[in-house]
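Chemist: Here's the letter readout for the chains.
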Amino acid sequence: MIIAEIQEEIVDEFSMFDDWMQRYEYMIELGKSLPLIDEPYKTEDNIIKGCQSKVWVHAELDNDKLVFTADSDAIITKGIIAILIRAFSNQKPQDIIDANTDFIDEIGLKEHLSPTRANGLVSMIKQLKLYAVAYQTQLN
Amino acid sequence: MIKTSLDIASIRKDFPVLNRKVNGKPLVYLDNAATSQTPQQVIDVIVEYYHRYNANIHRGVHTLSQEATDAYEAARGKIQKHFNIAKPYEVILTSGTTHSINLVANGFSSFIKEGDEILVSAMEHHSNIVPWQMLCERTGGILKVIPMNQNGELIMEEYHKLLSEKTKLVFCNHVSNALGTINPIEEIIDAAHNVGAAVLIDGAQAAAHIKPDLQALDVDFYTVSAHKMCGPTGVGILYGKEELLKKLPPYQGGGEMIAEVTFEKTTYADLPHKFEAGTPNICGGIAFGAALDYMNSLGFENIAEYEDELMSYATRQLLTVEGLKIYGTAKNKTSVISFNIEGTHPYDIGSILDKLGIAVRTGHHCAQPIMDFYQIPGTVRASFSFYNTKKEVDVLVEGVKRARNMLL
Chain A
1 MIIAEIQEEI
11 VDEFSMFDDW
21 MQRYEYMIEL
31 GKSLPLIDEP
41 YKTEDNIIKG
51 CQSKVWVHAE
61 LDNDKLVFTA
71 DSDAIITKGI
81 IAILIRAFSN
91 QKPQDIIDAN
101 TDFIDEIGLK
111 EHLSPTRANG
121 LVSMIKQLKL
131 YAVAYQTQLN
Chain B
1 MIKTSLDIAS
11 IRKDFPVLNR
21 KVNGKPLVYL
31 DNAATSQTPQ
41 QVIDVIVEYY
51 HRYNANIHRG
61 VHTLSQEATD
71 AYEAARGKIQ
81 KHFNIAKPYE
91 VILTSGTTHS
101 INLVANGFSS
111 FIKEGDEILV
121 SAMEHHSNIV
131 PWQMLCERTG
141 GILKVIPMNQ
151 NGELIMEEYH
161 KLLSEKTKLV
171 FCNHVSNALG
181 TINPIEEIID
191 AAHNVGAAVL
201 IDGAQAAAHI
211 KPDLQALDVD
221 FYTVSAHKMC
231 GPTGVGILYG
241 KEELLKKLPP
251 YQGGGEMIAE
261 VTFEKTTYAD
271 LPHKFEAGTP
281 NICGGIAFGA
291 ALDYMNSLGF
301 ENIAEYEDEL
311 MSYATRQLLT
321 VEGLKIYGTA
331 KNKTSVISFN
341 IEGTHPYDIG
351 SILDKLGIAV
361 RTGHHCAQPI
371 MDFYQIPGTV
381 RASFSFYNTK
391 KEVDVLVEGV
401 KRARNMLL
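Quick mapping for you: the protein sequence lines, in order, are chains A and B.
Mapping to UniProt numbering: the first sequence position 99 is 99, numbers consecutive.
Mapping to UniProt numbering: the second sequence position 217 is 217, numbers consecutive.
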């Protein structure tokens, strides 16, 4: 599936929830259930320091696709990461570079991307794109 | 109900923002240690300033300028009286505590020599750590830390051991913003003076709860931010003893702070203007005066008595939540409860509380060394004001329980 289709699928899933409680419970479930990153990659180098919660990201190329793994010490952050990974991992670097992130607004999680939350998510999206740029250069 | 001489229901009507709904729920504002809310009486003063006499001060001959100058200087007088400061010109109006501390740190660059020692407490806000680190980098001074114990109290024996003839300055907050500890500043000041060191006390967190008598304390510098005591943001004070303020060089150059300017040489204005370069936050200064009037009309003893009761109640109720741990359990503390719940991250708790209309602060509270001390990423901090109620505490406790159930 291409990124836009996955995002649409996520938006559809979230549209089934009536209120914030259900959305948060779902994200917490996602956060709890996903084995996100291999311990050896949970290093200082891979850490994106936010003001509130830590986020680790690791990227590697699998043929022509970029595979992301990530983790966080906060569970809601981890849930959002799981959603981002689902949308962007296993995609071609150029597609990741070109993708937009408006679907985060559409699923009602906009406040987590506000710079005042300073939770590393904004930096994380930037980091995913930077990895994509770096690997795209490598592929060229 | 808490027994109090304050009419809390009527006081709450003074604060328009408390009627707000957040995420569909009545706002429960428990982030007072970051910024307190503003009563209508102060908002009216701000509106009146812009409606009637907005003008630059200290220089116009016209009526508006004169009225603005009178109101601004009257506010300085109120501040002087409130903190029992000897002379009005020992009150330097600044943009707030951070500005005040930087002003002193910058000024002391000229006096600190290599090897001189500066003591800071282990529970400082970053704004009372970073300026001194910068000062030490410039001068070769050495920064030493007064340690604290697990309760979040300074270890005073260690403080006395650290003091020596090399000590030139001591910096400490009156109340810790992250833990709520009230520090024994009388002892800190006296002991520092015995070795000839000057003392700056950061009163940002204290001034909304305690009315300090700065002459009785004999403190050399004391800093306050108006926005933590019902005033507007962007204004505060540096109190300094006259002889010290005279010794310190100006911090910023500009208008207002000069006596005479030629291209060869400038002579500086007298206190307080030497430190008040440029057009100040005139409206903010006047409103700060109004905020002090408001708080004094309630009475600081009444405020402290009520807030202490409220905090004891909140402490008892929060401790009924399974796995909840409070950081900062000093015997002497005020209005701040920092906590975590075992197995959860403060960010997650704060995010869920926000959805319930409850405003708390989460994170390291600009005091990372404290979080390192406890080896935690941060805390959830509920901080109380006199307009908060037991009912709001109950909403908080229910919210925390609900967050815990969702997360674990």
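To be clear, the hints were calculated from the coordinates, so they are not data collected in a lab.
None of the values given here were measured: they were computed from a predicted structure.
Ideal Cβ positions, reconstructed from N, Cα and C, are used throughout, including at glycine.
Treat the hints with caution; some may be incorrect.
Computed cross-link-like contacts, PhoX-like style, restricted to lysine-lysine with a CA-CA straight-line distance of at most 25 Å [unchecked claim]: (1) B/K401 with B/K325; (2) B/K25 with A/K32; (3) B/K25 with A/K110; (4) B/K25 with A/K54; (5) A/K32 with B/K325; (6) A/K129 with A/K65; (7) A/K110 with B/K325.
Just so you have them, the derived chain A footprint on chain B, three or more residues with Cβ under 8 Å [what the hints assert, rightly or not]: (8) 336-348; (9) 351-362.
Chemist: The structure should be examined with respect to each hint, and the outcome stated for every one.
Modeler: Right, here's what the structure says about each hint:
| no. | hint | in the structure |
| --- | --- | --- |
| 1 | B/K401 with B/K325 | holds (13 Å) |
| 2 | B/K25 with A/K32 | violated (28 Å) |
| 3 | B/K25 with A/K110 | holds (19 Å) |
| 4 | B/K25 with A/K54 | violated (30 Å) |
| 5 | A/K32 with B/K325 | holds (23 Å) |
| 6 | A/K129 with A/K65 | holds (13 Å) |
| 7 | A/K110 with B/K325 | violated (31 Å) |
| 8 | 336-348 | holds (count 5) |
| 9 | 351-362 | holds (count 5) |
Consistency note: the structure conflicts with the earlier hints numbered 2, 4, 7.
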